[in-house]
Each structure stands twice: as structure tokens, then as C-alpha cells.
Amino acid sequence: MKSKWKKRIPACFIVLGIIGITMFWKMHQGKTVLEFGMFTGSNWGVENADAFVIIDRAIARFEKEHPDVKVEYTSGIDREDYSEWCADKLLRGDMPDIFMVLDEDFSRYVSLDVLENLDSYMENDPEFQQAEFFTKALEIGQGIGGEKVQYALPYEVVPTMMFVNKTLLEKEGIQMPRKDWSWEDFYNICQKVTKDTDGDGRLDQFGTYNYTWLDAMYTSGGTAFDSKNMTVDFTNTGVVESVKFMKKLNQLYGGEIVTQEDFDAGKVAFMPLNFAEYRTYKTYPYKIKKYTNFQWDCTTFPGIVSGQNVSKVDALLLGINKDSRKKMLAWEFLSELTMDKESQMDIFRYSQGVPSFKTVAESKEAEQIIQGEMDPEERVIGGEFLCEVIENGEITPKFYQEQMYEQIISLANTEIANIFEQNKSVDISMKILQRELQRYLNQ
Amino acid sequence: MKNRYMHFIRILFLGINIFSVAGICGFIYFTTFRISTEDNAREFIGQVAAIPKYPQAICAICGFLLTVLVVDMILRENKFQENGKGVMATLGVDFLCSLGIIYMLDFNYNGVLLLVAANAVIYIKDRRWTFFLLSASAMIFLVADYELISVTYNLYSVRSYIQYYSGTAQQFLLGAYNVLISANILIFILYCVNIILSQSRDIEEAKKRSENLQTVNAQLKHYNKMTEKMAEARERNRMAREIHDTLGHTLTGISAGVDACVAIIDENPEQTKRQLELVSKAVRGGIKDVRRSVSELRADALERFQLEEAIQDMISEINSLAGVKVCFHSNVKPLKFGEDEENVIYRIIQEGITNAIRHGHADCIWVDARKEEGIFKLKIKDNGVGCKEIKKGFGTKHMKERVNMLGGTISFSGENGFLINAQIPIRWGEEYD
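These protein sequence lines map, in sequence, to chains L and P. Residue numbering for the first sequence follows the working numbering, beginning at 1 and increasing consecutively. Residue numbering for the second sequence follows the working numbering, beginning at 1 and increasing consecutively.
Just so you know, these hints were derived from the structure itself, not from any lab. Keep in mind that a hint or two might mislead.
In silico DSBU-like cross-links for lysine-lysine, where the CA-CA straight-line distance does not exceed 30 Å [as the list claims (entries may be wrong)]: (1) L:K89 x L:K166; (2) P:K333 x L:K70; (3) L:K290 x L:K244; (4) L:K326 x L:K341; (5) L:K290 x L:K195; (6) L:K228 x L:K192; (7) P:K53 x L:K148; (8) L:K89 x L:K327; (9) L:K148 x L:K166; (10) L:K70 x L:K364; (11) L:K247 x L:K179; (12) L:K327 x P:K53; (13) L:K89 x P:K281; (14) L:K326 x L:K179; (15) P:K281 x P:K377; (16) L:K148 x L:K89; (17) L:K322 x P:K53; (18) L:K31 x P:K333; (19) L:K267 x L:K247; (20) L:K228 x P:K53; (21) L:K326 x P:K377; (22) L:K424 x L:K244; (23) P:K336 x P:K225; (24) P:K333 x P:K377.
Since the model is a prediction, treat every value here as computed from it, not as a measurement.
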């Protein structure tokens, strides 16, 4: 019996060895495949027919540099389906090596330990220059809570700006607001334009559409969200001042609800608009479809005081799968997309956002590309101005779970709408809201 | 019966563990694909603290570890039962496998450890090792708990996968999950209780056996005494018969002869004289018979005991008589010779002691036996009156005859108490044992 075993054990080792060698050989035969997870279309809610072009060009360059590598991606996943697609891949243990990380998924991926910590790559790569990136954009890819760990790099940045109906302002004899305008200037203009133009007894021309207490909060110098400690503070002076300002603004409209139709009809002076929308609607073919009956432009958000002109900044992130076996290669491809001048310039050429690479965003070439898309007489948002807006911007607070943030915003919105409707005291109502939210968070 | 019951419990134990581990793996795998086909992945990962990164890999590795565990157990059961090192090695493999399974299942199920602990208890004979392994398993069982570890680490939870299902299915699955965990612990307890019971049964049996042994022992002692008594009685009977057959016969003859003498003495003195001579002859014959009987009796003592024992026996018998003390000393070990030699030695000692008491009125007698230059030397000395002249009839003639027969010499001295000095050449070459 014993001798039988003695014969069997070496036989087992030989079989295992053969299997191992075959697998090793198979793996090294042919090209290494780097999987890339991406979606089709724009991240910013605008049409984009050229979504593939940037990636395809980047892949072509990367594959030329790495002849034994093949980058593969699944095409045809919509922006709305991408989050589900990723979650599905994640659940099956089939996550791509490198993938686009949506804003709303980022916190969850960090907490599920899906994303590779990029700090060591950033330190060890001599080509990586942290200063070249927009600081705010990098912040979006950093860990939740107090940690400053970089889990993803920004690829494309989009700031929110204030849409201005120039025709309306001209009609009312108001000058285009300056870049460092304040809430007071803003309120004054709104007060002037809000009126009943056709004399039917109802207000039909308004100051703002879609401008919310959140937009005001970003420019108030305070915030309700403490990402570091994961708490909320709605009794913060900045927040209370924002709500008070919104209440004042709301009272101008006498209970009328401002709608998209009013805006499209050119009857509203201001509306928050992101840079991607700005570029889309300013260029062919959309410029002949939307906002055709008036002249318009974009500017900064008004600050609580002059100079506090902060707007929200969003970014499309790229992350590396922590369990990938080709992390180094993934990092190189990530560098190709985020740090290569050609790739970053392509964002201006084929997408609607702003490159996260500062020097590219500021460059003259970039300005020429934007100018080239627009009518010659249009005033173009310059690279310098764009960079200023982005660097002064504020990012969406990161919370442990996206749902929690959404829930807080929804609860706050309801309560603030109540304040406006029932003309409640802002100070007291915000204290009550804070108590309620605290109770919700403690659950 | 006991063994079969135990065997059943062990198989059930193994079965439940295999079912639990395979069930959890399969459930997670199946649920993962259900979630993905129902397009609820995003919502699901939003609700859980962690997910198993590679469900297929977990299934495969757990399956492999389970197989190793089962093969290992079968090997131990059939091959290494008596091999201490084999048992330890297979138990070690068991232990590692169970740790691997617990790790792969993110501490959702740590019952496998109980299975290993149960095996350790049964197979390890060394108490210290059993204690060590049991306490180690208990520690790990307590520490490797999902609720405890999930405080610091993000672990996936079977419960969150169960919560994916709705209403009744969820309740059913949760119930099944809890029942499996409880059943495992219950079987472990049953197993332990069974071991304790069988051990206490063993102890009780041993106790009963030792009690039985004691009773039998006491009985044996009793029998021994009875046998002794019976032997004594037999001996007495034999003596009675002997006396009756010889002395009785002779005395009867003498009595009849003397009666005849009385009747004829006046009429025929000559006849009487002849008759009396006949009587005298009968008396001498009687004396001879008595001597023969006594000598036969004495030899019996030697037959029953070894020489040394027989001597000791005789001495202690004499010592028990008040006023006489016999000291026996011998440097010959063992005191064991040929039958004739033993007889002679025994007789000389017996006769010497008898003479010392009867004729020398001694109260202290020293008997010294030693071996010098291949010759057995026996010295019997007393503190009695001694005698100036060695008279015949003190049995000295007999002694001389006996010693002469063995080619030895014997001398007597009556000064300063009485001293008998015998030198017997023994056939030392032979071994007697």
C-alpha cells in the first residue's frame, strides 16, 4: 500500500507541473490584455458623438508604445447604465483593470476597497507632477473622511457657471455683471428684471431659474457638510445666510414657480449651467436648436461678498482595480489618459469638459479650439478665467454612502421649501432641521 | 452500540459542516448571479459593507479545502488510527483547512473549527495536548466571529445576501442559516456529552472490576486458610492412622503377651521368660515402627517446604517454646541441595537442637551454616551443661551414619556447652532451583 503512495505522489507533482507550465505558457503567449471600463457619451448630460474618439486615439498611442499590450473595452454602455454595469462586474469579480469612476460611485468604491491607492505610483513615477493637476480636481479623487489618499485621478473637469441672458439685461438697461459680483449685485439685478411685462397681473419675467440654496451655500464661505467627521451642520452661519438670501430672492417672485419654458422663452436672467452644457449649446448644431431667440453668456456665481465667487466643480475620475494583476500597466494607461498633452487636448477637441491638466487647460491652443467652435463675435471664456473658476471651486461633499448624501439633500430641500412657502423664521427652522438630520444620521 | 451511535454523530457532524460551507458558497454564488440578472447590482453594493471579490474563486477554494478536509479525515480514520505522528499531521491539516475555509467565508461561518476540535478530542490521547488544542480552538472560535471582526474590517455578510430576497424567502433563508449554525453547535455539545458519558461509563466499569477483584481476593484468602486447615486435618488423620496401625497393633500384641505372662508366670516361669522375650522383641519392633513413622513425618516437612523454609519453620516452632532461643545463620544462598543432602542437613539440625534441649538443658542455641572451600560446614552450639563423655544413644551414631553416607565427617565436643561440627562435601556443580 505504502509503495503505491510513494509512486503516486511524484506522479501528482509531475501532472501539476505540466498544468502549471502550460498555463504559464498560455498566459505569455500573445498579447497582454488590459481591460478598460468606460461608458459612451458625455458625463455631463449633453450629447456627445465623439466619445470613442478620444479613447481610441489614446489607445492607439498607448498600444504603439507597448506593442505587446492590447487595450480592450466594452462599447455601447450608456452613462445611465454604467454604474449598474460596474456594480455587476464588481459583484461577479470581473472588474476591468482600469475604469471610469462616476462621482456617485466613488465613495462606495472606496469603502468597498475596490480602488487601488495611487499614492505610491504618484510618488514613484518621475513623470507625475502633482502641481500640473487642478488641486480641486485631485481632491475629488481623494478618500472619504480626513484621509488624503488618492484613489482616482481626474480626467476631465467641469465647473458650474452662471448662465446670463444678455438680451434680457440689455433690454432692462443692465450691464453684464463683473466677475467678482456679490449677492447684493445679484439681488439688485433680479429685483429689477422681475416684473409683469404683459400686464396680465401675473409676474412673467424673473431673475433666476434653478438657482438653489446649495449654489448660494458654495459662495457663502460656509458649508453644511463636514466630510472629515461625516456630520452635517445646518446652523452654520454660511448656510443660514444662504437660506435667508434664497428666501429674500424667492419673495421677489410672489409665489410664482419659474419653469424651464420661461427660461427657454428668454424670460429669465440667470441659470446655473455647467461648462459642458455651455460648450455644447454654444456650438453647432445645438446653438441653432437651443436658446436661439436671445444672446447669452456665462460668468461666475455671485459671492456673499465680492470675490467669494465659488462654483461647484465636478470631475470624471479614472481608477485602477485594486485586484488587477496588471496594475503597473494600468497606471501607465492612466498616465496616458490623464497626463499626456495630446490626450488632454483631445478633451477640448472631442469632449465638452476641461482637461484636468492645468497647462493644457490654460494653453493658447485650447482657447483657439474653443474659439474655433463658436461664432467669431462671441466672447470666449478664456483659459485663464476657466482655471480660476476651477481652482476656486468647491467639490461635492463626500459621504460614506451616496444615498445618505442624497437623502440629506432631499430632506433639507423639503424643509427649506417649507420655509419659503410658510414664511417661517430661517434661524429656528434650520435648528429644527439640524436636529432632525442628526437623528437620521445617528440611525 | 455505543460506537455505532458515536459514528453516526460524527458523520452527521461532518455532513452538517459540508452542507453549511457548500451551502453558503453556493448561496453567495447563486445570489450574485441573480442580482446581476435582475440588474440590482448597483443598489445591492450600495447597501453592503463589503462584497466577496471573486465568488467563483471562493466556491472553488472552499470546495477544494472541504475535499482535503474529508480525505484527511478518511485517511486518519482508516490508516493512521494507531500512528501518533500521522494523527497529529492530519489534525494539523484539518486545522489549517478549517482556518482557510473560515477566512474564505469572511468569518461568516466558523463552525468548521468545532468539527476539528471534536476530532482532536477523540484522537489525541495526551491530556495536555487535548487541553491545548481545545483551548486554542475555543479562542479562535470566539475571536473568529463575524460580528467581532467586522467592527475593524469590512467583511461581506451572508445576512446582507439573504436580505436581497424578499419577504418569505428571506425569512426562510435566515431561518435556515441560523438553524445550520445552531445545529452545528448542538451536535458539538451532543458529541462532547457522548464522550463524557462513555468515559464515565469506562470509569464505572473499571471501578466495578476492581471491586470484583477484591472480593475474589478475599475469597481466595479464605480458601487458602481452609486448605491449610484441611491439610492439617489430613495430617492429623494420617498420624492417627499411623499410630493406630503400628503402635496400636504392637501395643495390643504386647498387652496380650503380658496378659499371657501373668497367667502362666506361677506355673511355668520358663515359658513366661520365653514369652517376655517375645514381648520385648515386639516392643523393640514397636519402637522401630514409631521411629519410622516419626522419620516419615519429618521428611514430610521437607517435602512440603524448601530446606531453608523448613529449617526456619522448625526453629520458629522451637522459639515459640518459652525459655529457648535458637539463632540460625547461613551464608549459603540459596540453601538448596540434593534431596539426600537436604535430608541429612535437616536431620542433623533437628537432632542437634533436640539433644541440646533434652540433654544439655540449654536456653540458647546457635546454628551456623557456611560454605568454605567447596565444603558445607554446619556448626550447632549451645550454652547448656554439655557432657564430659560423649554417650551413645544421643542420636550421635545416627548422625555419624548419615554424614558418612555422604562422605562427610562429624565431630562432637561436650566442653563448654555442646558443639556439633559437621563437614559435608556437597555436589555444588549442580544447580538447584
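Outcome of the hint check:
no.	hint	in the structure
1	L:K89 x L:K166	violated, 48 Å
2	P:K333 x L:K70	violated, 102 Å
3	L:K290 x L:K244	violated, 33 Å
4	L:K326 x L:K341	holds, 24 Å
5	L:K290 x L:K195	holds, 24 Å
6	L:K228 x L:K192	violated, 41 Å
7	P:K53 x L:K148	holds, 25 Å
8	L:K89 x L:K327	holds, 18 Å
9	L:K148 x L:K166	violated, 42 Å
10	L:K70 x L:K364	violated, 34 Å
11	L:K247 x L:K179	holds, 24 Å
12	L:K327 x P:K53	holds, 17 Å
13	L:K89 x P:K281	violated, 135 Å
14	L:K326 x L:K179	violated, 47 Å
15	P:K281 x P:K377	violated, 39 Å
16	L:K148 x L:K89	holds, 27 Å
17	L:K322 x P:K53	holds, 10 Å
18	L:K31 x P:K333	violated, 98 Å
19	L:K267 x L:K247	holds, 21 Å
20	L:K228 x P:K53	holds, 28 Å
21	L:K326 x P:K377	violated, 106 Å
22	L:K424 x L:K244	holds, 10 Å
23	P:K336 x P:K225	holds, 28 Å
24	P:K333 x P:K377	holds, 14 Å
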